[in-house]
Every structure is written in C-alpha cells, then in structure tokens.
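Given the structure of chain A, go ahead and fit chain B onto it with the hints provided.
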Amino acid sequence: ETGVTQTPRHLVMGMTNKKSLKCEQHLGHNAMYWYKQSAKKPLELMFVYSLEERVENNSVPSRFSPECPNSSHLFLHLHTLQPEDSALYLCASTKERAGGYEQYFGPGTRLTVT
Amino acid sequence: AQKITQTQPGMFVQEKEAVTLDCTYDTSDPSYGLFWYKQPSSGEMIFLIYQGSYDQQNATEGRYSLNFQKARKSANLVISASQLGDSAMYFCAMRVYNNNDMRFGAGTRLTVKP
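Residue numbers (our numbering), protein chains in the order written: chain A, 1 to 114; chain B, 1001 to 1114.
Pulled out of the complex, with its shape left as it was, chain A reads as follows (with noise of 0.2 Å):
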C-alpha cells in the first residue's frame, strides 16, 4: 500500500462513452502523474501537474483529458476513445524537492475499449 488509490481498478468502455479515471493520494505531495502502459511497450509519460498546475503533456490525444482541482486529485476525462487506447493507465505522486526523490505509484486502472 502506497497510499496512492485508482479508481475504477477495471473499466470496459465503447468508443462513444465518456468515462473519468480517479486518482488519490494523501502523502503530502505536490506533483502528480498519469502514464499509460500498453503491452510490449515501455511507460509513457501523459501528463504532468506540479502545484497543481500542468507542466507536462506529451503530445497526447485531445480524447484524453486531465484535471487536477488540487493537490490531492487527479482525474484522467475520458470521451471517443479508440480500441488502441486500451492499456493500463497508472497514476503516480511525488513530492518535488531538491535531490533524491521518487514516484509512488497507485494499483492502476486496466481500461479496455470496444
């Protein structure tokens, strides 16, 4: 247990639904990841948010929406998302500081898409 929750842990969609992924965490961090790993491929970087604000977004799709209303929650919008958006997606907390640090990563949501 990290302390870092996904929820929903499983979701099956069809590409004209609208779903939200759910990230918590209570660690006291102050920057928050979404990555997305499909299978046979290494863990892409989504979206970045430090302070609450986003620093980072690596060309992802417009489908994908992130939001974080505080330091606390991420969600990840979901709308008209494609079958090859099937993966596991996985939420991480880091608390930024000078030096070492790392990620505390949540369970992850496995999201398939029909």
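One or more of the hints may lead you astray.
Derived list of chain B stretches under chain A, where covered just means 3 residues or more per stretch with a C-beta under 8 Å from a C-beta of chain A [stated by the list, open to error]:
1. 1010-1016
2. 1032-1046
3. 1105-1111
Listed next, with one range per pair, are the computed distances between beta-carbon atoms [claimed, not checked]:
4. 52(A) x 1097(B): 36 to 44 Å
5. 1003(B) x 83(A): 42 to 50 Å
6. 1061(B) x 80(A): 41 to 49 Å
7. 1114(B) x 114(A): 17 to 25 Å
8. 84(A) x 1109(B): 17 to 25 Å
9. 1061(B) x 84(A): 34 to 42 Å
10. 38(A) x 1040(B): 12 to 20 Å
11. 16(A) x 1026(B): 38 to 46 Å
12. 28(A) x 1058(B): 27 to 35 Å
13. 1109(B) x 9(A): 21 to 29 Å
14. 22(A) x 1109(B): 27 to 35 Å
15. 1018(B) x 53(A): 39 to 47 Å
16. 1064(B) x 27(A): 20 to 28 Å
17. 55(A) x 1064(B): 29 to 37 Å
By construction, these hints were calculated from the structure, which means they are not laboratory data. Just so you know, even glycine gets a beta-carbon here, dropped at the ideal spot from N, CA and C.
Leaving out everything else, chain B in the frame of chain A:
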C-alpha cells in the same frame, strides 16, 4: 534526450541465488536520478531503490543493491538471495533533476525457479 535501455527481456534465476538485471542510460545532463521499480502481475509499480548521479556509494536497500558505474552509464540492479515472490517485471527509470519527465526502460521479466 534521455534514454533508458534494458537489454534483457527475460531472466531466470534459481531460488536463493543472486541475479543482476542490466540497465544503461544516456543523458548529457550531469544531475539525474536513477530508479528501479518492480511490477508484479497485480500491476502496481513498487519503488525499490534510488541512486543519485552525485552519490559516491552504490545504493543498497535490503536484498537490493544498485551497481552504479557512472563512466559506463550503467545502473544494474542486483537482487541477492532470490525468493519466489521476486518473480515480476523490473523497470529501470531515470529523471533529470530539472525536468519532470521520468523515462522508463522496456523492462525485464524475472522468473525465480524453485
């Protein structure tokens, strides 16, 4: 640009033996951190060990140690006295300190045989 390479897609080790998982990296930035994560079949990414680019000694955490060879840009993970529960995917990652981007390698699947 930062790059992480794990050249071993899969490794096998006998229970109670030691195993080394390889990781090489590439960056022109002198300040960076190197990380190893374990991902069991449940999907959660578990932080194992961290090494800073300026650290003089190799990092150790229990049965995990990081063989850091800065000139060769390698950061191999050594697991001593392997246990059946060590069977999982292992990811090497790097982050440059002035950048939010954490880059992950493709991973190595470790199987511990009884």
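Hints, verified against the model:
1. With a threshold of 8 Å between beta carbons, the proposed coverage of the stretch 1010-1016 of chain B by chain A is violated, since 0 of its residues qualify and at least three are required.
2. Residue count for the stretch 1032-1046 of chain B with a Cβ under 8 Å from a Cβ of chain A: 8. That meets the three needed, and the coverage hint holds.
3. With 3 residues having a beta carbon nearer than 8 Å to a beta carbon of chain A, the stretch 1105-1111 of chain B meets the requirement of three or more and the stated coverage holds.
4. In this structure, residue 52(A) and residue 1097(B) break the distance hint of 36 to 44 Å, their C-beta atoms being roughly 21 Å apart.
5. A hinted range of 42 to 50 Å is violated for the C-beta pair residue 1003(B) and residue 83(A), which are about 29 Å apart.
6. As the Cβ distance of residue 1061(B) to residue 80(A) is approximately 44 Å, the hint placing it in 41 to 49 Å holds.
7. A hinted range of 17 to 25 Å is violated for the C-beta pair residue 1114(B) and residue 114(A), which are about 39 Å apart.
8. Judged by the Cβ atoms, the range 17 to 25 Å given for residue 84(A) and residue 1109(B) holds: they are separated by roughly 23 Å.
9. Distance hint check for residue 1061(B) and residue 84(A): the Cβ-Cβ separation is about 37 Å, which falls inside the suggested range of 34 to 42 Å.
10. Taking the beta carbon of each, residue 38(A) and residue 1040(B) are about 18 Å apart, inside 12 to 20 Å as hinted.
11. Here the CB-CB span from residue 16(A) to residue 1026(B) is close to 42 Å, well matched to the stated 38 to 46 Å.
12. A hinted range of 27 to 35 Å holds for the C-beta pair residue 28(A) and residue 1058(B), which are about 29 Å apart.
13. Between residue 1109(B) and residue 9(A) the beta carbons are some 22 Å apart, a value that agrees with the proposed interval 21 to 29 Å.
14. Take residue 22(A) and residue 1109(B): their Cβ atoms lie about 30 Å apart, and the range 27 to 35 Å holds.
15. Here the CB-CB span from residue 1018(B) to residue 53(A) is close to 45 Å, well matched to the stated 39 to 47 Å.
16. Between residue 1064(B) and residue 27(A) the CB atoms are about 22 Å apart, so this pair conforms to the stated range of 20 to 28 Å.
17. Checked against the given bound of 29 to 37 Å, the beta carbons of residue 55(A) and residue 1064(B), roughly 31 Å apart, stay inside it.
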